Each structure stands twice: as C-alpha cells, then as structure tokens.
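Using the sequences plus the hints, can you model the full thing?
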Amino acid sequence: MTTPPLTHQPRKLSAEGITKTFGGVTAVSDVSFEVIPGTIHALIGPNGAGKSTCFNVLTGVYRPTAGTVRLGDEMLTDCRPHEVAKLGVGRTFQNIALAERLSVRDNLMLARHRLTRAGFVATGLGLPGARREQRRHLERVREIAEFVGVTHLLSQPTGTLSYGDQKRVELARALCIEPSVLLLDEPVAGLNASESRHMARQILDIRDQLGVSVLLVEHDMGLVMSIADRVTVLDFGRLIAEGTPAHVQQDPAVLSAYLGTAAGATSGDQSSAPLTSSTTGSTP
Amino acid sequence: MSASPLALKVADVSARYGRAVSALDRAALEIPEGAVVAVLGNNGAGKTTLLRVMSGTHRLHGGEITGGQVFVGETPIGGLNPRKIVAHGVIQVPEGRRIFSRLTVEENLRVGGIRTRDRRSAAEARARVFDLFPILADRRHQRAGLMSGGEQQMLAIGRALMASPRVLLLDEPSLGLAPLVVEQIAHVITEINRQGTSVLLVEQNAEVALGVATHAYVLELGRVVLSGPASELRNSPAIRQLYLGDGAPLGDEVADGPRPVLAPWDFTAAARTRSRKAS
Amino acid sequence: MSENLTASRQWATRLLVSASVVVVLIAPLYLDQFWLQLGFFCFAAAVGTLGLNLLTGIAGLLSLAHGFFLAVGAYAYVFLAGGSEEGISGALVGAGLPSWLAAILAVGVAGFAGLLFSPISGRLRGIYLGVASLALIFIGQHVLHNYESVTGGFYGRDVPTLSLFGFTFAETDPVLMVLGVPFGREERLWYLGAAILLVAYVFARNIVAGRTGRAMQLVRDNEVAASSMGIDVRHYKASAFVLSSIYAGAAGVLIVLALGRAVPDYFGLALSISYLIMVVIGGLGSLPGSVAGAFFVVALPEVLNHYATSLPFLSQPGGDGVSAVQFSEYLYGLLVVAVILFIPRGLAGVFASVRGRAAPRSAPASDGAQLEPQSSERPHLPA
Amino acid sequence: MTYFVELLINGVSIGLIYALIAIGFTVIFKATQVLNFAQGSTLLLGAYVVVQLQERLGFYGAVLAGVAVAAAVAGAIEVFLVRRASTHEHISLAILTLGIDIALATELSRRIGSEVLSFADPWGNRTTAIGPFVVPQARLAAMVVCAVIAVAFFALLKYTSWGIAVRATAEDPEAAALMGINRHRVAATSWALAGGLAAVAGVFMGTAPSPGLTSTANVTALNAFPAAVIGGLDSPGGAVVGGLIVGVVQSLSGGYNDQVSFLGSPLSEVSGYVVMIMILLWRPSGLYGTREMTRV
Amino acid sequence: ASVTACSTKKDDGPGAESADGVKMGPGVTKSTIDLGVITDLSGPFATVGNALNQGAQIWFDELNTDGGICGREVKLDVRDSGYDLPKSISLYSEMEADVLGFQMILGSPQMAALGPKMEEDDIFVMPGSWASSLLGRKNGLIVGATFDLEMINGISWMMDEGLIKEGDTIGHIYLQGELGENALAGSTYAADQLGLTLVGQEVPPTATDVTSQVTTLKNKGVKAILLSTTPGQTASAAAADDASGLKVPLLGSNPSWAPQLLGTAAGDALKEHYYVAQSYQLFNADVPGAEKVREEYAAKYKDEPIAVIPWSYAAASAYSAILEKACENGDLTREGVLAAYPEITELDTGGIMPPLDFSDPSEPPTRSVLIARPEDNPLGGLKLVREAETSDLAADYPMPQG
Ligand SMILES: Nc1ncnc2c1ncn2[C@@H]1O[C@H](COP(=O)(O)OP(=O)(O)OP(=O)(O)O)[C@@H](O)[C@H]1O
Ligand SMILES: Nc1ncnc2c1ncn2[C@@H]1O[C@H](COP(=O)(O)OP(=O)(O)OP(=O)(O)O)[C@@H](O)[C@H]1O
Ligand SMILES: [Mg+2]
Ligand SMILES: [Mg+2]
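Keeping their order, the protein sequence lines are chains A, B, C, D and E. Counting with my numbering, you get residues 17 to 300 for the letters of the first sequence. Counting with my numbering, you get residues 372 to 650 for the letters of the second sequence. Counting with my numbering, you get residues 6 to 388 for the letters of the third sequence. Counting with my numbering, you get residues -13 to 282 for the letters of the fourth sequence. Counting with my numbering, you get residues 5 to 406 for the letters of the fifth sequence.
Take these hints with a grain of salt, some might be off.
Quick look at which bits of chain E chain D covers, simulated, 3 or more residues with Cβ under 8 Å [claimed, not checked]:
{"#": "1", "stretch": "47 to 53"}
{"#": "2", "stretch": "229 to 243"}
{"#": "3", "stretch": "257 to 271"}
{"#": "4", "stretch": "352 to 358"}
For the record, the hints were derived by calculation from the structure and aren't laboratory data. The structure displayed is predicted, hence computed values, not measured ones. Glycine is no exception: its CB is placed at the ideal position from the N, C-alpha and C atoms.
In structure tokens form, the structure reads like this:
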C-alpha cells in the first residue's frame, strides 16, 4: 500500500449511487451526495433510513453492494477502514466505541496512529526518535482535548465516564486523526440543550478554524437547521430530498416522512417540542 | 405532592463508585402513584446512577449505596438483587438500549415477558407492543443487533413493556430517535401512564420530558437541586436557558464564553522533522 | 495526584530495581547449582510469559500454542547449531552454524512461524483462536516425532553449547573463577538469562507504552473502532503473533540450553497451558505481573519438592497418601483458583495495591469533584 | 469398501461420544461465555462414581448417581468459584477452570491409579450385526442416547424460557437482570447440565468396545474441543456435527495412514485438529456458530 | 563441580580418604552409601514407578539387614519427578553432589537429557527401561533382554507353536516412542528373517481406544498382533480382537501387561488371546528370588502386586553386586563403580533373571525371554507358558547400537 499523502488539502467526499443490502434488507439504495470542502453537510432521515449504513460505506466498514465512494480523485470504494482513515477521514460512532480500559489520553493518542511512524522496533527499543514523536503528539492531543473540553478527563479510563463525556471523547478522538473530512454520527444524542448548543458551536469551529468538512447525522433538528450548510434526507434507504436547510424543511416528503412538524404545528401539541426549540431557524 | 400514595421513593440515597467517586449525594425523589416524573441534569450528574440504584444494578458497575433507602410503596428495596426488584414491578429501560443483539426481535420481547407465566397476558402484552411499534412486528425475526439505533430503542421500550411494569424507569428513551418517533414515544409514555404505570423519565430532551411529566427534578453533582411540578419548572428561567435551549443565538460570544482555539495541524512541519530524523 | 506521592513511589520503584539488580549480580556467588538452575528456568519462562502477555493480555488474542513457538525456537537452535551426527534413532542433519548466530536465527525462525500463522490469527477471535492455536501443539508434536532427521524424533537431540566470541556457556572454556567461585555452566547461564530477561522486559515495556502497544489494545477492545482510527487490524494481529513468537523462541532457546536436550515431550499442551497460567496469575496485561507469574509457577513446585522432606503431612515417596509432587499439583491448581478468585488483577494487582497505586476504577476524590464538565455553565438555581 | 464402512461406523460411534462432551462445552459457553477446561475431569469423576456405586445400586442407579454427582460438582464449580471470581475476563475464567481441572484430575488419578474403570453395563461385550458389520451394542446405545440428548438440548435452548434466558444472560447479564432473569440460576443449571452430560459421555467412553476408563480419560476428552469449535462454540447441534466430523476423520486417517505414510504417523492424533483449522479458515465461527457481529 | 576453600559457597567437601582401606567418593561415608532415585510416583507412569520402587526397597532392606555393602548401609534418596523433564533435570542437579550413583532414573526423555551430564559426572545409573538404545554406555546398566529381543523371541515362539506360519501377515500396534520403536525394530527384523509381512500401527500414549487400529489390521488379514502398548490399550486391543471376530493371538511386550486388566470387560478376551514376552520371572514363579519377593511384599505392602516387582528386585540386586565388586576392589568412588561394572560376568538373581553378564556394555546381559499368559490369580495374574529361552533368531540378532 502506498503511503497516503499527509496533507490537509480539503477534498470533496462523494458518494455515487451507493447501494447496500444485507441479505434481504436493502439498507441504502442508490444514494448519491457530495460533501463540499469546508461545509457542514447533514444527513437526516427516520430511524433505519440508512444513515449509519452510509457512514459505514463511506468509511470502508461495509463494502457497498453497488456504487462508488470518492475522496477527491481517490476511489475509496474498495479501501479498508484503516486505509480510509489514513486518507484523512475521521468519524465518531453512534454507539460509542472507545477502548474502555484505556485512559482518555491513550484513546486520543491512538488516533494519532496514522500521523506517527514508530514501529515495533523503534518503540520497543525506545529510540529517541520514537520518544520525540510521542512527546510532540502528546502535546497536540492536549490541545485538542482542551478544544473539546475534556482536558480534566485525560487520565481517566473512558469506561468510567458518563455518556455525554464519552461522546465528547469520541469527538476529540476523531479530531485527533487530523481529518480533512469528519463524519459525526449523532454527536449531540444524550446531551442536554445547553450542552448541545456548545457542541454545535464546536462543530462550527471545527469547520471554520480547521477548515474541515463535516458530514453530520443528527436527529436534533434545531441543531441541524442552525449549523448545516446542506442537508440530504434519506427515507427507507432512498434519497428523498437534498438542499439547503430552509429548502428541505419545506419539502412535503420530508415533513411527512421525518419531521412531522406539519402535524405538530397544526395541532399545536407540546409534545412535538423538539422541533420548536428556539434555536430552530437561527441559521448563522 | 406527598398527598397521593407513592409508587417509589428514593430517600436520601448516597452512592459511589469504587472508593472515591461519589455519584449520588443524599438524592431524594418521589414518584407518586400514577405520575410521570422527569429527571433532568447535565452529563455526569448521576441520573443513570440514580436509576441503577433503583434497579439494583449499581453493583454490576462497581457501585455501592452508602446511605439512604429506596422504597417501592412501603417496602424497602435498596440493595436488593435486580431480580427481586423486578419482581416488585420496577422495570428499567437502561441507557444505551442494551437489547440482546444476537436474539431476534421476538426473542427479545420474550425475555421481557419472561416472568409472565400466563400465556394470554403475555400475548396481550406483545400485541400491545406491536401496536405501539409496528416496525417491531415487521422485523420480528430479524436479529436485534442488526437493527438501526432507533429501532433498537423501540425494541428496548417494547421489551420493558412486556413485563407489565408497575413503575417504568426510562433512561434517555429519546436518545437517537427521529423527531417523529420521539413524539411517538412521548405519546407512548403518556399512554402507558394512563394505563396505570408510574413512570420515571430521565431525559436530556427537556422539552419532551417536561411535556409529559407531572413532576420534575433537576440533578446536579449527585444532588437534587431543584424540584417541582413540571409546568412550574418549564417556566423557570434557569431551566429555560440550560435545558430548553433558550437564550442567545449560536455564535454569541457572551453566552458561549471565550472559546478555545485550535490551530490546524502543521503537516509539513511534521514531515520536516521526520525527514530530518531520517537523514 | 500529589507530586510527593508520585515521587516517593518512583523512589520506591528505583530502590526495588537496584536491589534486585544487586541480588541478581551476586547470587551466583552464594547459590548452589539447584537454585541457579531454578533461577535460570524462571528467567527463561519469564521471557516467554512476557511474549504471551503481549499477545493475550495486551492484544487480546488467546493462544494455546505458546509451547509450539517455544519448540520452534528450541529446535531451530538445535538444528542450526547442531552438526550432522548420528542420533539414537538414525542420522541427524544440522546446519552447523556458530551457536550464537544459530540462537539469533532461531528466534527469527520462531517469529516467522508466528507470521505463517497469521492467516488464521488474523481471521479468528477469542476462544476460537484459542482452540485453533491448540492445533499447533498437536501438529508440532506430530512433526517433532516424525521429522526425525532434524528433530531426532521421540528421543530428541542434544543441544549444542552456546558460545559467544569464544566464551562458552559451559563448565569450562575458558575456566572462570570469580571471588573463589568457579563459574560453571549454571553460573554463566544465570547471567545470560538475567540479561535477556532484562532486554525482553524493557522492550516489552516500551512497546506497551508506545504507539504500537496502544494500537494492539484498541484492536483488543474494538476492532472496528481501531480500523476507523487508521489502525490496520490484521497487520497488528499478525504482528502481535510474530512478536510473541519471537519472545517464545527466545525462551525456547534458553530453556533447551538449560535442559541440555530437546525432546518433544516437553513441548506439549501442558507447557502452553502453564504459560497461560503464568500470564493470568501474574495479571493479564501486566508486564511485571508476567515476571512474577513465571517465577511463581516455575519455582513453586520445585521449592515445595525441595523442602518436601520437612513437610510432615506428606507421605514419603512410594507411600500411600499424598506425595510431594501431588501436593504441589493440588497447591498449584488451588492457587490458580485462589488467585483468580480473590486477586482481581493477579499478582500485579497485589504489587500495585502494596505500592499504593490506586486502582484505575477508583479515581481519587479530588478528580471526582472535577467530573462535572463545563463548570462555567453550571446552573445557578434557587435551592 | 467394507473396510471403509467399518472405519466410518467406528468413527461415528466415537464421534458421538465427543459430541456429548462437546455439547457440554457449548452449553456452558453459551450461558457463561466460559470455556470449561474442567469438563474432562468432571467426566472422569462421574465415571469414577458410577464404578464405585454400581455394585450397590446396580448399573442404572449408579449412572444416575454419577450423573448427579458430576452435575452437582459442575454446578458447584459455577456457584462457588466461577461466579465469585474477582474478574469477568473470559480468559481468566477459563484458566480458573484449568486450575480446578488440575486439582481434580490429580486427586482422581491418585485414587484410580492404574485401575481400569470398567462398567457393569447391560450391553457388555454383546454386538449386533448390521449387514456385514458388527457393532457393539454399547455404541448403539450411545448413538441413541446422544441423538436424544442433542435434540433435547436444541429444543431446550431454542424454545424454552430457560433457553432464551441462557442466551440473553450470555449476551448482557445486566440487561438480563433488569428483565428479572435469575442469571445465577441460569448459569448454575447450565453448568450442572454440562456436568451430567460429561458423566454420561464418560460411561459410554468406558463401555464396549473399550475395556474401561483409565485415569487419562480426561485427556481423550480434549478431542471434544475441536469438535465443539468445528460446530460453533455456541451451537449444541453444531457440537454433534463437530463430534462426528472429528470422530470420523480420526478413524479414517488412522485407517488409511499407510496410504499416506509420508504424512507421518500416527495421523489420527492431529487429523481432527487439521480439519478444524481448515473449517475455521472457511468459517471463522465454526459451521453453526453465531457469527461475531459488528454493527457500529 | 568441586569447590575451593575460599569460596562464598558452602563446601560439600570432596570424598574423604580411606578409613577402612576403601576409597570413598561423593555419597559415601564410613557408614552409608547414598543412591539417588528419580522416578515417577505421581505422573502418567506412577504405577510402574511405584512398583519399581517397591521391588528395590525390598532388596535394599534385605541387604541392609544383612549388613549392607562394605559394612555400609545403602540408603535410597527417592524423588518424584512426576515424569516432568525440567523437574527431573533440576532434581538431578540438586541430588548429584550427594549420591554415589542413581539406582534408577525413570523415563527415556529424562535419560536422553541427562545422559551427557551423567557421563561427565561419572555417575553410574540404571534406567527404568529395556530399550536397546541405552546399550553401549560405560555408565549405564540394563538388566534383562531388550524390547526388540522380547519381540524376536516371542515371534519365534509363535512360529514354533504354529500360531503363525511363513507367509503370514502380522500386525504390530506400537507406542510412539522408545518402547514402540525398539520393539518394532525387533519385530521388523524377525518378520524379515522369517518371511512374514509386518504391518505397523503407531499409537500415541494418550490413546485409550485402539479399535480402529485393530480394524485396520483385520482388513490386512493379520494372523497375529503384537502389542507394544500401554495396558489400557492392550485391553482395548483384546476387546476389539474378540468383538470384531478377528480372534487372533496377541503378543505383548512386557510393559503392555497389568494384572488389573483381568478385572475389565476385556478380561476374558485377554485370557483367550493374549501372551506376554519378558525376560524376568513371574511374580508367582517357583524360584527362590521370587519367593523371597512374595514373602516380603505380603509383609510390607497391601496393594495387588505388579508384574514388574520381581524385576526391580533383581535389578537392584544387580546394582548392589556392582557396588559390592567396587568394594572388593577397595574403591567406592564413582570411578571405582564404573570400573567394577564390566567385571561382573555371571550374576545370579535368585532365578528371577536368566544369568546376567555385564562384561560387554554394548550387549544386553541376557537374550532369553519367557512367555506367559493371563490367568486368574492374585499374584500378578500370569501363568508361565514357556521358560526363558533364547531363540536362534534372537541369538543371531545384531544389536543396534545407541
Ligand atoms: N449489518 C447489518 N445487517 C443487516 N441489516 C442491517 C445491518 N446494518 C443495518 N441494517 C439495517 O439497515 C437499515 C438501516 O440501518 P442504519 O443503521 O443505517 O439506520 P440509521 O439511518 O442510522 O438509523 P438510526 O437513525 O436509527 O440510527 C436498518 O433497517 C437496519 O436494520
Ligand atoms: N462504572 C463507573 N465507575 C466509576 N465511575 C462511574 C461509573 N459510572 C459512572 N461513573 C461516574 O459517576 C458519575 C455519574 O455518572 P452517571 O452515568 O450517573 O451520569 P448521568 O447523569 O447519567 O450522565 P449522562 O447524562 O452523561 O448519561 C460520573 O461522574 C461518572 O463519571
Ligand atoms: Mg444510525
Ligand atoms: Mg446517563
């Protein structure tokens, strides 16, 4: 395998006609979309619509039944997950996937894997190069932890953290691979409103400060509508709408399949509250 | 609020993990018979721990009750085996779903109803679950682990309902659910409650929680810092700001406070050091 | 964590390390053959255990084949260093290389055997991998018994003396006297074993603390997450096997040097199992534990047997009742049970608590107060 | 051809005994995710008890007693040791059972010494001719018993509440506890059942054409490992298939060893393992084992 | 290794010089002679190990009551190796300095591993084995006919009896390892010389069921089966021989028999088909040595006797005869013992063994073998079929050199 170019050149992540079936179930069917560099792109849809499956196809965890995945000019379709990661695609998991027994610091250092070199021999012998490398990256890990707000947790085993903290560690870890594209699967699930808001702010910062493009799966419509630049909507594995948040929000197909606001708004029922949270519509 | 008989009562419970991590500090909480009680709180406030203590599973996490007592009706259940607590009708939908991923959907539901000896009431319970979540009926023979996150959440709730609970404890049921489904679940909770089950709802989605709840508690650092009728809390400015997302629009420097800045990683510098090292 | 505590702990560690270095250095002046040989077996076993712990404890790959890789190292050495000679059951061939070179190559051959296993080790998980690796033991035994011209079959082969730049690890050549003590085979091997154990330990410690060790641990805990972080899971699983077989190979070479003869019987299932026991008793994933576990398992029965005559409740050899060996078998079995029953992280856990190192789960209270994130946002509510 | 069939029959009859032991492995594994190395010495214990009691209780009574003792001991191992272990690491628990096995096997072989444990079974050395083939009746009995047991276990796990409780507990003990499952009882019963099975296997291992059991029978029981793995560690049905495969492969490779003498001898020792490796390369979780799922 | 005076290690002191005109080496004092025994009392060969020990103990107790050797009491330092190789090796290094020699070391891996060391240390040793690979050592004692000779004599006898005839096929089920290989060498030689076809079937020591091997042999149409197996495998073979309708005679090497087999389901089949070939007398034999052993055994031990006990008694007597000789020569050092060994040319063991001749260490001390078969009796469970004899074939057999 060739060493991937270690640049930060933002590149377009595109899915072209991807289909993924599991036995009889078609989870994703002929879906295409592009994540333009430097934007936040949201992928929304009802439960089971195939969003996480898309993520898994994009990151090489699943091989698509049909279709191609591209990063810039590079074909990712047949890449294995670690090869995709080495190309600078970072991700978080819907169901947290941390090494529970390792400390937060070690979990973050793990993500530096593609950026570091020391092999078995160099590490084993404790060569000065390996140690220098380790020190430099520890420094960077600290910076990222600070950015995400988990500095105080650095030496705790991740298994003992509360759900929300684990989510933050996941984000920090994804950032630690220094991605050019970041895939976030439900980053604010389990966070309360002010915490979500903080997270939203952070995602914007990631886009603006780091120039990273973000593909976001999220059910918190307030968040999606306020930070996404573009939205793709899936239903039953099919793409049913695509466009700006404002545009998608009006789409009747989206309303009936997913948002259900139409019903909520007419009845004025309080239980439809998540959509009426006050951040809705306050696009930056 | 102590007028009505209590379904469940947490009396000044303290709990900790290991020797040092204190997760609950004299937490007190009451679930009146037939009520829906919501618990709000930041990450790490101890909400999940509170539920673990109620269900007796804290010990599986290295936790320990250091004070106080939990009552179902008049019976103290603090420190009992989870199985015995279930026998008192206290059923929990744990955080993170915890469905049995290798079992089929149907088998998961059977596990939920495993204590129901009566076949007919088991069938009724199942029908009710399928009624509430039709997708589960469609997927009844699918391995649960292969379902989407939301589907799994529905299954987790369905599984708990199979036990015909007297008190249902829900730990973040809206986690990862699409708005429509969240609505649906809110309805389901109301519906379950109407059918006679008292509910304790731990939720980050305060809108939903305060929407369906009659009472609410706010937990902070393992302590109850605020409680009252849900409608009252809804109008508390602090609650509105913290849990309902009221306030300044995103990007407001004052509201968000000074934010740490992260510079992009300098790949070329990293490459330079490496080549210097190599030469 | 207070600075003082850390500092004093560091001092304690340093003191412990220097004390053991001194003990290891002067021991041959005082100990007789029996103890030196036992010590050497312990050193050698500890090297092997470190390797298995890297594999099973750190990378999470269960292997019942460690004994096989020991055999590969041992026999590779015997073959590479041995000449063509007449054995008990026929002519034997050997490469006749200088013994030091043979020893190094043998370790490499063992590593290569680990690599050959990678199609299997890369695909299987957990217990499946464990039982699959069990096959290697039986295949190994089969080969050792049948490939007689190299292995000597059932009778095995004599082990050539190791010599390094004219210095042999044997009774003489050169004759060596230190402080009036003749340094024979056992004394020399003692230092060799100690030195190799030291190197093996430091290497393993660096691995675990470094990039590669972390990667192995994530592979253990969550393969998908690992690969999504850019870690080539198959590569790491294979590497872990190679690494551990290198350790096993080194242990194998050392052990046959002490045994004087490589016989297939020794490298059976029981050997693999005893290595697993050493790892678990010492503490999965703990390197000092590995060393402790190896010393414990190797030395316990020997020491018991040594002092058996002074244990009144044991029957004398040939008598009815429980003999010393049986007794030490019971004790061995029951201690394994007891350790797992009562000591969560093996002997390593005991050290840790003796040295006051807090268990990772129970973080100190001062940290507990900080667990609340974003303290600036804490609600100020009327109580 | 007759020779082939004879070998086949022999392989099948040995394979079924492996299957009985392997079912025990799978049941324990399914319920508690522990690989029970003590199964071999439990088998020996059961057989020992049967031999000790058969004069007093008669063969069937003694078998019942042996099964009961083995079940009780296996159950007790779970209740008093495995459950109370300070760790839940599966590897450590497997080693725990190894420790038990070492102690138990040492004691049993001390007691048994060079004795050959032979059973006063009703089949004795009698044989039945099936066409040109002569099969010991004891092996026919083994076949029937094994088939019944395998089917029973399959049904038990698949359809009864106990079976579902076993599987649920295996996967997530905490969630199972939250559903009111008595996971302790589930674990103890599975171990006890497996212990009883081992005793039955021990008896059939010692009846005709085998002259009896020696104190090394627990080593032979190791052959059930590849059997259980070939079938898939959590599949009792698979254990039967795996047992048959191992038995037949061993018998055939032994019988035709001359034809492939370049592979060395005795082949029967390794052939089962070689076949296991090949099957695992093709199906990493055995023929019928639950595939490890990765859903992120 | 000897140690100098100013060493930090404790000084064992080299063997003191003559007190009664006898040179003394390690393990010898004015009143005692210490001999080591490394055997298996708890491992896979515990039964044999125990029996060997009992026989030797009976001999030395008797010897010591009669005044010992050179006026010195002979003491056995018996250690249990559990058949574990490293344990045996550390036991050796633990004991070596304190003993004159090793009365017994059990296990051929052990012997193979310790051989060079013992040669270096001038240790005289008796291995618990009859393998011809052990011949040719100046420091090793084999008492009796080797495994290959047992088979050759046994096959000759079967020919003589008409149990098999020229042109027949015979099978040989043999253990992996020393016993099997050595016996197979003998049977191969005999088959070659006598115009028989030999079919070998190797089995591992752990196998308990040899039915499939018997099936294979049946398929080859064998007229007899040789068994160099464990007793359990012998019973299994007999049962299979009978049950499959093959019903051919079985001839076993001496370790293939144990009296306990009579109590198994295979007992009848064994009585009908099985013979054993060995060079030492049966436990219930009518010779003075065996009578003595029976008497003492009954007085000392309660277990059912094992066939090999008379042998170990005789073998111990051979070892002491060599020590006696060394004493006569006035040299009870290790070198003295080595020198005395080949001087023994005709040793009588009370009739237990045929006359033994140690003058050529590369030759077994006897080539005679007797034939016995199972019988219900509490004393070893065997009855004599034919007295010890050397067949012509065995007499001409060129011994392989180890
Ligand atoms: N490995 C798999 N095997 C079989 N079916 C699968 C697998 N992975 C996903 N599916 C199915 O594909 C569909 C899409 O699942 P996916 O996880 O992509 O949904 P999602 O959009 O992420 O939903 P959610 O918002 O609830 O997380 C679901 O119906 C699920 O059951
Ligand atoms: N198993 C454990 N071991 C040690 N500490 C733990 C453990 N589980 C939780 N904690 C700690 O206990 C405190 C309370 O955690 P808990 O999970 O109850 O919070 P929570 O309110 O449910 O948070 P979230 O909203 O993020 O789920 C946290 O500080 C957490 O780090
Ligand atoms: Mg999803
Ligand atoms: Mg929680």
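### Query
Which of the stated hints cannot be reconciled with the structure, identified by number in ascending sequence?
Of the numbered hints, just 4 does not hold.
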